[in-house]
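Asks: Chains as they are written, first to last, in the UniProt record's numbering: chain X, 1 to 1049; chain U, 1 to 367.
Where hints are given, some of them may not hold.
To be verified - Part of the chain U face toward chain X, derived, beta carbon under 8 Å:
| hint | residue |
| --- | --- |
| 1 | ASP222 |
| 2 | ILE224 |
| 3 | CYS231 |
| 4 | LEU239 |
| 5 | ALA265 |
| 6 | GLU268 |
| 7 | GLU270 |
| 8 | ARG354 |
| 9 | GLN357 |
| 10 | LEU358 |
Derived by calculation from the structure, the hints in this document are not laboratory data.
Here the structure is a predicted model, which is why all the values come from computation and not from measurement.
We treat Cβ as the ideally placed atom computed from N, Cα and C, and that holds for glycine.
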Amino acid sequence: MDSLDFKVGELLKEIILDDSAIETLDRAVSSVADAIESIPEQLVSADAAPKFVADLGVPTDKKLSFTFKSPESIQVGGSHSIRSVAKPDINVDLLVRMPKECFHEKDYLNHRYHAKRLLYLRVIEKSLTTCPVVRKIGWSSFQNEARKPVLIVFPVVKSAELSDFFIRIIPTATSLFSISKLSLTRNNVRAFTQECGQTQATPKYNSSILEDMFLEENSEFVRKAFHEWKSLKEALLLLKVWARNRSSIYTHNCLNGYLIAVILSYLTVESGGNLITKSMNRMQIFRVTLKFIATSNLMGKGLCLQPRGQCNKSKEDMNQFLQSFDIIFLDSSCSFNLFFRLTRTAFEELRDEASWMLSSIDKCRGGGFEEVFLTKVDFTAKFDSCLRINLKGNSKICSSNYCMDDECWRISEKDVHSLLQQGLTDRARFVRVIWRSTPSDWNVEDGFSNFGNEPMLVGVLVSSQEKSFRVVDIGPNPENKEEVMKFRKFWGEKAELRRFRDGTIAESTVWECEPWARHLIIKRICEYLFAKHFLLTKDDVVHIVDQLDFCLKLSGKDPESSSGALLEAFELLSKRLRLLEEIPLRISSVQPLDPALRHTSVFPPQPHPLAYEKGVNKKPSKLATTSIQSLDVMIQLEGSGNWPVDRVAIEKTKSAFLLKIGESLQEHSGALCIATKDEVNVLMSGYSFCLRIMHEKGLNMLRNQGGSDKIKVTSSVDKELLIRSQHSSMINGLHGRYPTYGPVVRLAKRWVSAHLFSSFLAEEAIELVVAYLFLKPFPFHAPCSRVTGFLRFLRMLSNYDWAFSPLIVDINEDFTPKDEKEIDENFMLSRKSCEENAQNVEPAMFLAAPYDKASEAWTRSSPNRSVLKRISSYAQSSADLLTNLILHGADGPYTWECLFRTPLNTYDAVVLLHHNKLSNPQHLLFPAEMNCGKQVIRGKASKDFQPYMILGGGVQSLEDARNKVMVNFDPTRCFLEDLKREFPNTFKVWHDSLGGDAIGLTWEKKDSRKRSRDGEDASRTETTDALKRVGEVGKGLVKSVHLFKVPRR
Amino acid sequence: MGKDKKVGKAAQGTTKSLPKLTKKKLKLEEDPDSGNQTAGGASTEAENNLRILKGKKVWKAAKGTSKLLVKLRKKKLKLEEDPSFDDQTVEGASTEAKNNLRILKEHKKNKAKPMEKKGKLSKRKKGGEDNKSFTSNGGQHLNKDDHVFDLINSGQTSENGSVEVKEQSETVGSSGVEEACIGKRIKTKKLKRVGKSKRSDHVSEKKVQLEKLAEVDSEKVDEISSVDEDCTRGMKKWLINYKESRQGLKILQQRIDEFITAYEAQQEQERREREAIAAEGGWTVVVHHKGRKKTTDSESGITVGSVAQAAVLDNMARKKNKEVALDFYRFKKQEAQRSEVMLLQSKFEQDKKRIQQLRAARKFRPY
């Protein structure tokens, strides 16, 4: 059996209702239907729901009163009628045909039909409240259309699986009115006029009534198509799952389950070209349907359920439709457009989704099952930036009536969309506006007053870095008066006449800002436009762009902004190195190794006032950090046969070379050289560089040294350098292709270290995982904003099937099938041990990169399975919080900061450090707080180390200060090293490499051999003693040690 | 018995932390004839010491006591030889301690911290820690012999809250007690104690509960000592290490030069030895070099002469071509086919296994 087929089968099992459940459903439905049928005749008037009627704008006169009669027919419609209800949304549509006697001939005018429709439902509601089979009754709207409420009935059901099950009671109006009266060109809402007083056509309003009239007929059509066709039903379920995971297309102005069923049944009939045949299986039907959606010409000329010959519509009629609606799909009666709610943008999005899905299926491993069916493509993860707009009580919306031809909420959706489209021009590839205006607990007695309380959601897909974040928008030429007027009107005071470098003069808008704040331009534009055109304040518009920037900034500025100077310094260094002549071998290449040199360091070092060459007069700042972070740089020398063979001798020779290099740099350029026996640091242009030599022979030696097993164990310095340089250049290339890559990696790294995973997840591993998000973004497009990229990173960490699939990072798509096979084999080899011992899988996180097909470089020994599990669950909760923050905003204590605030009581013991003794106290995000656990020991801060030093003015004092500078000195790292040495197997150490002031400890499982009868007490003493020793090891840095849990032995 | 003694000493601090009553009780149980007086005397002495200490500045006092302790230790040795002098000597010691402290007071005025004392102190501290850790291990080890240590162990847990200085002073005081114990131990027979151990276990259980309560109450937490004085660990050590490893380019260069000279000398010697062996036999193996001059050194595999890269690549490419095609023989072809089938089969098996794993993992719920 095919693995995809199997997965799909399992998926279907998860969502299909079993027979007994269906039976219970049927019983509940028929009892409700019986209850409705037995409602006695009674007089109804507008008093039953005065507010609703008033909000519709219908005068409460005699015309609204009618005698309620039990419905002509009650039948099950929708998904249950074709037995394709998909869990977890279990509901049944009950189509209730309202009798003709309740309506007048002209009730289609001025919303009278809608008012009466509600009054009819009110009677049903009243009688059902007293009915014993009904548990609860609520209201909702049909496809988010406020004037068409539906009754939600929760029957009494015993089964727990069906506890949320409800019945939607949908009134239908089969053949109530004459179709010709409701044709597109007619005006049926008299108040809907143009400025000159002439009435306008009301196609939306007419369609709203027509929909009710043809609901049963179309439902019957669908039922016929699905009759006794298992694979078609299954395909429908799959499509539903697919669409439901995409919240922006499964919505009121795009797709719903009913429309999917209609499309499917259309494809089975002759008019749809019989694209689906009985011989197809479910996945084939799924693909065919997606392909149809992706390629069909619904927008251009419209479709019709009826075959061409039988459709009585003339060309002019069709044109009429095309003018009134964006998308046309005529129903079986040929007079009603099934897609009348679809907007053009919604359909474009749908089409894009479908075609993107088809390519995902082809390009992803294992047929893209996860990407297509399991990954949530919701608003937050899909769009690059989301806006939440609070329009409640906005004068622009409340000024008009709620409903004319269209409803005011839909109109404002349209307005906002066109405003943004006009304002953002080609900065945005796509703008989507959705306003779920129906309140979740609507009561029709309140009318429409609570509609639109929820904020409107806007999603923006950014087109490209250069376009989207450009500073100047060029408008029309001043000679073109008309255009200028329009431009000025739109932009207001922001518009200015400018003369450009190429001599052109044009109206333009300028959004000046710092280079690192370019990603905020779109936000500024949106805020400006909303303030100008919708009179919205900044509080009403929440644009999700920069909410996470707080954790990357240093003193209000992104440290990345100085990376230009850093790269310049590096260039200068490599130039100087290459020009050196005193050393016996020439330097053939200089390559960056440090993340700061590829824009992926959370805090790239800032120019240090004491790290300039002698003679360079930089005006020094008052304060400088004592310790300088050094950046690794790899050097290759030209080849020579005189190298020694012995490994130790090679290393010694290397340092001799480095010392020589350092010395001559010091002599020639005045750079300061600080060296130990293991590393040589050169301080120049404000930065410190740590030089390393890569010697090719070292690599060859390793290869010569025998079998494949040995290579795995020994990892030489040269091998490590080679891999790091390959990784570095690969990531550098990626940063060039995707400018957002850097910020996303930085956020990801910040998150990982904030949750104390630094010692388990290598920086490079994080870079690879994020790289995958950009290279294989399915089912999304590559992220263009940091928040979205970060959210996807979190979701990926939590959802990726690490146990069963390798993560293949294919930078330039240069993996051949052979390479992939090799990776697969490596992966299977690593998972072989899994069969015997599920706990002991190495590497738990299999990351294959072009330079490392066996995942040996970064994740070979850590994280192990249990740590990875912990990381995933942290990522899961952070992702949930982030989603919630984007959609609903900060709620109480759960703010944006919480994403990076880690709970400390999950460790067995916690060591708190004096935060003013960290090497970079300014990197600390939040000082750790400790209010539980037992304090074991506390200590004073050392007076010998100060992270900052004050610089005096004089040259002499500057020299002194220069001698005090410490390169790569990090007390925390020293502490961790000492801990590891003193307690090799006692505990796992969780820490934040970016400068956190808390270190978590968890006990390693001990062997039970040493078990003694004094049990708990002794172990408690032992633990406290151990923890005291921990404090001693870090004296001067450790503030206190807290114990939470004694190890269980 | 030697081990016992050590443990006993180590336990000094810990025994003290038990409330006096139980201590007495314990003594009584152990040896009702002789211990009574000694224990009582010792405890009062400890109290005295404490009182004194409370008045002084903590650090200085600690130093004083530590010095005192050294003296006491010396005396202890004597005492062990002659246990009859117990009470007097201890008393004498405590007066001495008082004297010492007085002297220290004067010292304080000078504010010059005598380095000697510091050194002693740290030594003492280290020793104390070593002892402590030894206790827990040793205690377990010696369980069979001596139930006292059950008590000691449990007592240690309670100590967490107590201030270190106090502990030290207690050490001084309890030395007398401990000596008494040692004295007793020699006399008492193992058999006698077996029955008692149960009782004391019971007592210790109660104690633990009490002490746990005390833990919650006590706000006092141990403090890491001598933050900026101790060069063996912590910030000070790191700073020193940092300084020491950066002595300047010259010295580093010199070191490397030294290494290289030594290395070369070693290599040279090895070579000479080899030659000597060859020379000894009077024979040298002459190898016939066929064809062109070798470009690689036979020993290291290092390329000596230069070769054009293109030529090498070309050469290598040609070499590949010369390899016999895999399906030259029919049986090879068949073998290949068979192995492919096998591969497919194994892949199928793997797929099946994976599916089973997936089923177990249940990752199909789309919501």
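Asks: If you test the structure against every hint from before, which numbers come out violated?
Replies: Structure breaks hints 3, 5, 6, 7.
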